[in-house]
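**Student:** Chains as they are written, first to last, in our numbering: chain W, 1 to 189; chain U, 1 to 323.
Check before you lean on any hint, since a few could be wrong.
In the EDC-like style, the derived pairs of lysine to aspartate or glutamate whose C-alpha atoms are separated by at most 20 Å in a straight line are [stated by the list, open to error]:
(1) W:Lys14 - U:Asp180
(2) W:Lys163 - W:Glu80
(3) W:Lys175 - W:Asp137
(4) W:Lys57 - U:Asp187
(5) W:Lys10 - W:Asp78
(6) W:Lys10 - W:Glu28
(7) W:Lys57 - U:Asp180
(8) W:Lys108 - W:Asp177
(9) W:Lys188 - W:Glu157
(10) W:Lys57 - U:Glu169
(11) W:Lys47 - W:Asp78
(12) W:Lys10 - U:Asp321
(13) W:Lys175 - W:Asp102
(14) W:Lys47 - W:Asp20
(15) U:Lys94 - U:Glu169
(16) W:Lys108 - W:Asp78
(17) W:Lys57 - U:Glu127
(18) W:Lys155 - W:Glu182
(19) W:Lys57 - U:Asp188
(20) W:Lys14 - W:Asp78
For the record, the hints were derived by calculation from the structure and aren't laboratory data.
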Amino acid sequence: MATYSTNEFKAGLKLLIDGDPYNILENEYVKPGKGQAFNRVRLRNLKTGRVLERTFKSGDTCEGADVVDTELQYLYNDGEFWHFMNPESFEQIAAGGTAMADAAQWLKGEETCIVTLWNGVPMTVQPPIFVTLQITDCEPGVRGDTVTGATKPAKVETGATVKVPLFVNQGEIIKIDTRTGEYMSRVKE
Amino acid sequence: MPDWRPSAELAVLRARARMLARLRAFFAGREVLEVETPVLCNAGVTDPHLINPVTTCLLPGDRDPRRLYLQTSPEYAMKRLLAAGSGAIYQVGKAFRGGETGRYHNPEFTLVEWYRPGLDYAGIMAETAALVAEVTGRRAPEVRLSYAEAFRRHAGIDPLRAPLPAIVERAAAAGIGVSDPGRLQRDDWLDLLLSHVVAPQLSADRPTFLTGFPASQAALARILPADPAVAARFELFIEGIEVANGFQELTDAGEQRQRFEEDNRRRTMAGLPEMPIDERLLAALEAGLPECSGVALGFDRLVMITLGLPSLRDAMAFPADLA
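Based on the provided sequences and hints, a complete structural model is requested.
**Tutor:** What follows is the structure, given as structure tokens:
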């Protein structure tokens, strides 16, 4: 993998630090007029999500991390792995539970996900921002109650549980924001 | 379509022009002569922390284009004018520093530089404060704080006497993770603390002069006879941003040559190319530089701060990426 000079640092560049892949969030160049220049960098650990601040002496180099975001189609789960396919090459890749994390609960099949690969291995999986899923189990709806903001739990077809307004019924299809796990609206068939 | 528009708003460029007019009026009122010196020179600077951009130019008598250095400041040429008897002089011109790009840096920038024979360190600081007040219209009284006191107050260490491990520990305590700490020298660590810890805590509403930089960071300033650990060098910070650097100038040609040679030794140790020494400057010092003080002030930064702009590119028409 290539190495990068501090002069090439910019937001979005992926670096390998202490064996982990990081994404540069911010890169600030600081230099006293007559003194040593530094690059003050904020980075996100792509494995743990933790944010780190690191200062590099300007002119130093850092190894790059082979991290790429790919759009892959989710196929199925075999009980242990979640299988994805590249829609252009038809190449298949399997992601484990750690990489799937919360994404697994929103997927039923054929969704296009952003799979972040590190050295070709899935590291994180982002589901589509919005998914539409059918409610398989919830208390019966209460007619007319559209303003109080009261909610009840509802189980959707992928097994996830979402808080929905009281008027929503079992069997209905709802739109969910996967970033927050919140109910957005009912979807008419 | 290529991005052709300026990065600064036209209203900013108009305000900038008014500030420049006030600056010229300030110097005219004090009978400081405006001069111009070459941007392309045979020699650059030996300072290990500065990169002279290089160009080639066909000069009279030469078969091939000659390698010339774009100046990081007009200091050497202006000192030759002083040695020739010019009296007080100032210049508004472009200076060039390779690799310096960021929120507060652009590789090509506008430097205001002036020299005052007969003015000492305290006198040139007072004049700098008056100039800034005149150009910016901000009349807040300035703060004068020694480099050592600023470190004691804002970083809890004595920068002149603390042992290196204590300085390194202080950086770690401030949460500064350094990628390759073994390669930093003592002055590098002080620069790190200055830019990461001390400068951000300097007064936000009053211009602050940091005075008495360590002798190891003297550059072209004289060492104070009263305290050989300290140089007659100051920097002006406004809102925590370095705006100007001033010296009571070193006039001793022999000591100046030693500092240039020492710079080149540090360059070699750091794996940097040695730089040719400006023999014309040394010859001028040999002939006699009058006792004087001088200041270099980043005009783009002053515009940025005065107008409350977030970055240098908002204060200049075309930064490097749009040039």
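**Student:** Does each hint fit the structure? Answer for all of them.
**Tutor:** Consistency of the hints with the structure:
1. W:Lys14 - U:Asp180: The hint holds at about 18 Å.
2. W:Lys163 - W:Glu80: The hint is violated at about 28 Å.
3. W:Lys175 - W:Asp137: It holds: about 16 Å lies between the C-alpha atoms, which stays within 20 Å.
4. W:Lys57 - U:Asp187: Distance of about 13 Å is within 20 Å: holds.
5. W:Lys10 - W:Asp78: Given pair Lys10 (chain W), Asp78 (chain W) is violated - Cα atoms ~40 Å apart, limit 20 Å.
6. W:Lys10 - W:Glu28: The hint holds at about 9 Å.
7. W:Lys57 - U:Asp180: Cα-Cα ~8 Å, so holds.
8. W:Lys108 - W:Asp177: Holds, at about 15 Å.
9. W:Lys188 - W:Glu157: 17 Å, holds
10. W:Lys57 - U:Glu169: Answer holds: Lys57 (chain W) to Glu169 (chain U) is near 17 Å, not above 20 Å.
11. W:Lys47 - W:Asp78: 24 Å, violated
12. W:Lys10 - U:Asp321: Holds, at roughly 14 Å.
13. W:Lys175 - W:Asp102: Holds - the C-alpha atoms of Asp102 (chain W) and Lys175 (chain W) are around 17 Å apart, at most 20 Å.
14. W:Lys47 - W:Asp20: Cα-Cα ~7 Å, so holds.
15. U:Lys94 - U:Glu169: 40 Å, violated
16. W:Lys108 - W:Asp78: Holds. Lys108 (chain W) to Asp78 (chain W) sits at ~13 Å (cutoff 20 Å).
17. W:Lys57 - U:Glu127: Roughly 35 Å separates the two Cα atoms, so the pair is violated.
18. W:Lys155 - W:Glu182: 13 Å, holds
19. W:Lys57 - U:Asp188: The given pair, whose Cα atoms are some 9 Å apart, holds under the 20 Å limit.
20. W:Lys14 - W:Asp78: This hinted pair is violated, its Cα atoms lying about 31 Å apart.
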